[in-house]
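Sequences are here, hints too, so could you generate the full structure?
Which chain is which? The protein sequence lines are A and B, in order. The first sequence runs 1 to 98 under the working numbering. The second sequence runs 1 to 244 under the working numbering.
Keep in mind the hints are simulated off the structure, nothing from the lab. Possibly wrong hints are sitting among the right ones.
Stated by the list, open to error - Here are the simulated lysine-lysine pairs, PhoX-like style, with alpha carbons at most 25 Å apart:
no.	chain 1	residue 1	chain 2	residue 2
1	B	K98	A	K92
2	A	K78	B	K98
3	B	K90	A	K79
4	B	K90	A	K82
5	A	K82	B	K208
6	B	K208	A	K78
7	B	K110	B	K139
8	A	K92	B	K92
9	A	K79	B	K92
10	B	K90	A	K78
11	A	K82	B	K92
12	A	K92	B	K208
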Amino acid sequence: MIRSVFTFGAGILLLAGTLAATSSLAEDKPIEKPAYITKSTIEKPAKALLAGTFVNPKVAPGKVRWHTDFSIACETSKKSGKPVLLFQMMGKLDDQFC
Amino acid sequence: MLFSNESVANFINTYFEPAWEMVRQVPIFRLDFGNNNVITRTLHGNIATYVCTSSGEVLDALPGIYAPTAYVDSLNQFRLLSNYVDREGKEKRPQRLKDYHQKQAETLRKNEAPFVLVNSAGISKAAIERTVAVLVAAKDAHLYPSMDGRVLHAKATLTKDKLQLDSQEELENWKLLSEDTRLNETIRRRQIHALLADAGLVQPDQIKKRIYKEVLHADLDDPYLGLGNMLFTNYPFAKEDKAP
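This is the structure:
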């Protein structure tokens, strides 16, 4: 019986303590709603990490003997008499992905 | 790649002073499936090939990609054009060039085969310095021999039978290239002829943006190269993606 009284009393004390602590928390800090996290906020770290990591491998630009630039091709054309062929593109002819 | 083709490379090395330049970075598309499989592709890799005088003036331009045989045929026309426009002296070059482009644009507008340039000097005199280029109707081109003695057809046709296609993928790629070549030689070339007839003798930089925007449908001033509507219409995060 003494054990039962003791256990009952300990349970009452524990419950009282819990109620007191909860009440104390509620009074000091109201529950805040979490801020809306945008998609770009989540993706920015990943984007920063991936930025600059893709390397476009270099390849030979075919079997044509290209002049370094258009102006040099024009100068050479004045001496050889051959017309100039200018190939324009997006990207670089000596990149694998072009 | 076109310039890895022996016949294309040899023809260019023999008859032209070639140069290439980048008009802008090519958009690259990478799809990471998250299981170490990554696909990398390019978007809108549009190209243009110009023939120019030694002063850098544009005589003609090819829009887009061509099958190798058709490309060499077109380059041969370019070579002959550079001779044709100067046959009455350099002072007559602007007018002869304008007349040439107007004539070609009109012919293509009527859905007829364009005129072709042939070397009337004959086989024995078919050296560069003795080239005598004349403009003839497509139906008469067979009367003139090509430089290596073969009868030159107005445009070599790319037929499946002449190719050794080992896979379905190669067949599909050939079909796409063949269709691209057909489109380039009809609709796009008509636009180029009209554009050059209107522009007169200009440097490539003066005409580059018009060719890319009006003929190749890749506006170089548009950061999304004309794909903005497709990318952002109905995309729920469009505003956030555009925010700094």
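Contradicted hints - numbers only
1 and 8
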